[in-house]
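S.K.: Here is how the chains run, residue by residue.
2 protein chains.
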Amino acid sequence: MTANGRLRGRSLEPVAGNGLIDRRALIGRGIAFAGAMTGVGVTGAAAEPLTDAPWSREMGAVTPALQTPSRFEKHVVRTLSNPDNEFRNSHARTPHHLLNGTVTPNSLHFSINHSGLPDIDPDRHRLAIHGLVKQPMVYTVEALSRYPMVSRMAFLECGGNSAPMFSNEPLQASAQALHGLVSCAEWTGVKLSTLLEETGVDPAAKWFIAEGADSHALSRSVPLKKGFDDAMIALYQNGERLMPGNGYPMRLLLPGYEGNMNVKFLRRIKLVDAPAMSMYEARTYSQILPDGKAYRFYFLQEVKSFITHPSFGHSLKGPGFYEISGIAYSGAGRIAKVMVSADGGKSYAEAALQAPVLPKAFTRFRMPWRWDGQPVVLQSRAWDEGGNVQPTRAEFVALRGETKAPPPLLGFPNQHYNSLTSWAIDANGGVKHVYA
Amino acid sequence: MTANGRLRGRSLEPVAGNGLIDRRALIGRGIAFAGAMTGVGVTGAAAEPLTDAPWSREMGAVTPALQTPSRFEKHVVRTLSNPDNEFRNSHARTPHHLLNGTVTPNSLHFSINHSGLPDIDPDRHRLAIHGLVKQPMVYTVEALSRYPMVSRMAFLECGGNSAPMFSNEPLQASAQALHGLVSCAEWTGVKLSTLLEETGVDPAAKWFIAEGADSHALSRSVPLKKGFDDAMIALYQNGERLMPGNGYPMRLLLPGYEGNMNVKFLRRIKLVDAPAMSMYEARTYSQILPDGKAYRFYFLQEVKSFITHPSFGHSLKGPGFYEISGIAYSGAGRIAKVMVSADGGKSYAEAALQAPVLPKAFTRFRMPWRWDGQPVVLQSRAWDEGGNVQPTRAEFVALRGETKAPPPLLGFPNQHYNSLTSWAIDANGGVKHVYA
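Chains as they are written, first to last, in the numbering used here: chain A, 824 to 1259; chain B, 824 to 1259.
No wet-lab data here; the hints were simulated from the structure. Note that CB positions come from ideal geometry on N, CA and C, so glycine has one too. Some clues are possibly wrong.
As the list claims (entries may be wrong) - On the chain B side, residues computed to face chain A include the following (Cβ under 10 Å):
(1) Q1060
(2) L1181
(3) W1206
(4) N1211
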């Protein structure tokens, strides 16, 4: 802080209730944060001489071929629903409350496996494209590696992500437990359209069925139009070959569509004239609505956001400045706007969006905030470039219903939750999950 | 291929020597690759029934808390210059010839350590900002985590990257061995300007000295102007906390500047009126030129590109279509253009640049190519938005000199090589490093 400790600059004036500060305070030069940080850094006229810690006095460890996080970060892991690999599906959730930025490192990308992690030999794996095509084709990994490729950032989200939010009482759980089935990476591979141009398409084809090579043989029906849009046969994830839990050696990537449709270990694409009505489309992802009707083919992961800092599992160390930040994304395109409230939705201020804002990818939003030490309720709400808005909880529950707590984590109709998440900060800096 | 195997679409016509195809063949729909791929995929009228491999018939392995690459990718590692951790520096190089896209996964980000990997306890680590400031400050990791943050993609490159290219004879080595001391990640942290606004700056301050907490206590002088521009105290790398080899728990990030200046394990920033002339600026990175003069303060990593696919270590499996791709970057800003030649520089065609093209970050370029099976020489040449162009080898050697092969990997004056890399493909598909 400066010696006088006073605020400088108009933009540090609050712009919404409970201390939200204009996002322009984050942008460009000439906006001084000096004075906002009281109690954060420590003034140190006696900063010299610095003391030497043990690691400043001795040779360190060997530089390894594959580097891994510090031992002081061993709590930063995916949480597992099936650590003993019993004969059912396994979820591994991304620890959003411990991450920042927009890229999910490969080690922490979420993963759901229905019959364990297959150990696929890439030299023996094949992808067949057949059915209503003019010329069926079979591709090896090596063959696909010669085709024209594209790279793009894309989020992947399980349709069941945030299912605990269907509970009629707020579960006390972290952003990882509530929202850990979404991640974002740079994917590189061959556009499906490139391969379909090669096989040719029978005019009768309207859908394709994608099937995985693991023993679950997961299959999903996808509109052929998506196949000619931005569908990709992904071979690389953040630069390296796919992780086994993310579909090694190849997966279908359908940016913005429900994770389960992005078939991993992809071995077959069959062009057909009608959807197969496989288990996941006929049962799991056909959400039953309060009036007894059901959604059919609810593919899109709709506009959504949640605050990761601060969030459940954190505690604030006294009043003063904090940055509120979180993740926003939409399967329909780019995020256009994120509004943040510190008073449970009574007033909102617009958050800064970290550039570049890419379509169907994570956008990090940031909001400067001065906490006065009183209880507050933080929440975020996102809009996408299509004009879609994240629904309030009241709107969402009216349309989609809720269940008695605690809900099954992945039972229907608990799919495609995209309403707000609210974190209540108490006077001691503790964080609770609330509905507001 | 289509049944008739003919090329469709004007844009598959060659646009430069030895089979380079117009980059627009990669963009958008309606451009058919059918027919271009002869001999790549395998036509398969009998694609059904698919045979089941072992992994399609049994339960797979447990889903782990931290996922790691498939055992079939165990060759994808950093190569080490000092695997026994002898008392000298250690280099770990990124395997660019095995990667794609633009993000370097954290496990494979290059690293140079001068006294091994320090085991720093983040709760005990401190960053002091002192010297010609109005109010010295000391920051803990936890304190910095409350400040406004930014995220950005940025490449980091050792000033000695590509030093083997100073050899007067082309060394037969992979892109990893030649150029593996550059990587690219999304970095998240606090802008240094935010902290300097807090400490205040004495008008006499013109430089700052950054010092690391490892036992090497590496220190470098940086113009204060850079500190107020895009310098960052980075805390996160691709979403998670920094890798130990990349500066955990915090490093200085100076986008576009020589890697050595991006001080890791950062513990001190001292504002001063003149540079310290530490070892790295007075000796190592003051390149001696052929005329006996030397560069002083050669901070910028200049515009550069190299082809990663195909490259040394690969072999082409017969004539037909291939995608040529590689990496381009410039410390001065965005890549504007990459030209690719398949005839050793006699003719060039413009490569497609993968969007988004971000400043001071990797840009992946892609060039469609039909190889006729005859010997060719591939090379790439990049331009940045400032109009800077990657020099030809003749231009570069005239200005900077060369040494008798083999050169020391990191001795001066072998720094800041940014000329072209040429790969010769022989009639058997073998790849050699040549000067052209």
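S.K.: Next, verify each hint and record whether it holds.
M.R.: These are the hints, each one checked on the structure:
Given the 10 Å rule on beta carbons, the hint for Q1060(B) holds: about 8 Å separates it from the nearest Cβ of chain A. Look at L1181(B): its Cβ gets to within about 7 Å of chain A, closer than 10 Å, so that hint holds up. Annotation: W1206(B) was flagged as interfacial toward chain A, and the flag is violated, the nearest CB pair being 21 Å apart, outside 10 Å. Hint status for N1211(B): violated, given a least beta-carbon distance of 23 Å to chain A, over 10 Å.
Comparing the model with each numbered hint stated earlier shows that hints 3, 4 do not hold.
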